[in-house]
Amino acid sequence: MRPFAYVKPADVAEAVRVAAEPGARFLGGGTNLVDLMREGIERPDTVVDVTGLPFDTVDELPGGGLRIGALVRNSALAADGRVRTRYPMVSQALLSGASAQLRNMATVGGNLLQRTRCPYFYDHASACNKRSPGAGCDALDGFNRGTAILGVSESCVAAHPSDLCVALAALDAIVEVRGQEGTRRVPMADFHKLPGDTPDIETALAPGELVTAVELPPAPVAANSRYRKVRDRASYAFALVSVAAALEVRDGTVTDVRLALGGVAAKPWRATQAERLLLGGPADETAFRRAAETELADATTREGNAFKARLAAATITATLRDLSTGGTAR
Amino acid sequence: MTEIRMKVNGSVESLDVEPWVSLLDALRERLGVTGPKKGCDQGACGACTVLADGMRINACLALAIQYDGREITTIEGVAHPLQEAFVRHDGFQCGYCTPGQICSAIGMLAEYEAGMPSAVTGSRGLDEAEIRERMSGNLCRCGAYNGIVDAIKEVSG
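Those protein sequence lines, which keep their order, are chains D and C.
Positions 109 to 438 (our numbering) are the ones given, in order, by the first sequence.
Positions 454 to 610 (our numbering) are the ones given, in order, by the second sequence.
One chain only, chain D, in its complex shape:
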């Protein structure tokens, strides 16, 4: 691994001051950054270890929401009784990701900032616009089974790998960010960026800005929610397609719905078109399928991932069906 300076700041002010220097990177659980440094993809001059900062609690917000510290470990959040009751899809998303060892290490802030697992991003011998802007993209006509189908560009088809972020997007979570100028709040919808011509720019963070917390607003609908992940093996694999859905039905009519997709875009994909179609309409199979197919109508598929549009539509339909019939959440 390329040598770097290690700083463990005493407080958040020192953390953001040190990290404002070029070549600095924040270190949380290390499960992604350490791997990327070993591969020579991340080459920081300074690593700012923020794990000593006091952002490791889950606290109540007025009205029933939760404020999740950025340093809460994935396993601790998945086990939190309030999360499991009010936002089951958040717990399920976390538990479907990585392995137990990794969940014990990985932080919420780091989960938001993890980088794509596109194999060409990891392979120095391949062209990758995300790793080396302007180099080209070998995934376009390469092994692209795991790549994105929504919001893609000719520069990049990499998919965002997070499960947690899909649930956070569905819930309109707010990311609390601290920089040298103070604190600001970024809606999940704006936090991750689509690739366009600059796939190396992945988030709305300015250099040196630190994620300090994620707020989950109150969402009664989320008590009836589910995260469903489809992958190439039963456990410990990234999603081909995943769905975070919450549904409220009264007298056969959809009165509230939240829907987001994973594995299909460079960001967690909020299915706003499908939500609009569903809201106020009948809670039946035909409506679910029509909404799902409408959301996927704009998909841009490639040879290796053409199956994903149908798979995503079918998974949305099945997840909504389960939620509407009180199928057991898992």
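Calculated lysine to any residue pairs in the SDA-like style (CA-CA distance at most 20 Å, straight line):
#1 D:Lys116 / C:Glu471
#2 C:Lys491 / D:Met109
#3 C:Lys491 / D:Glu147
In silico negatives: residues of chain C with every beta carbon more than 12 Å from chain D:
#4 Asn462
#5 Gly463
#6 Thr487
#7 Glu529
#8 His542
#9 Tyr549
#10 Arg594
#11 Asp603
Just so you know, the hints here were simulated from the structure itself, not pulled from any lab data.
Just so you know, even glycine gets a beta-carbon here, dropped at the ideal spot from N, CA and C.
Based on these hints, arrange chain C on the given structure of chain D.
Same frame as chain D, now just chain C:
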């Protein structure tokens, strides 16, 4: 170089590490604790699993400097019924993944006792589906999974 201090298998160790040294390399190369194995060195196989204050982690993705002041347990510090159960049930062939499997299983049983859910929770007790899901971070290239599951089932039952 930074001096760090860890309690490793009950013994307090002081060592100088560069910040880029992983916990796995610190244990194996600096302290001669070679139970934790370097399989993939990228958090994919679980052969390096150790317990940090009782919690299972991948030592290959942990920087040693982040574990200053912590208590680390490797297979060398374990005396647990799982070990004999692995022998009884043929829970290994080549044995390379076994130290990680056993440390992981110890951590897993503690998590289960503490009420940690899993992606398949809803099934009854710590059954085979639960064990397989909760142990999915430990690969066995010899394919001794049936024996591993039987050994864990016997000890947890």
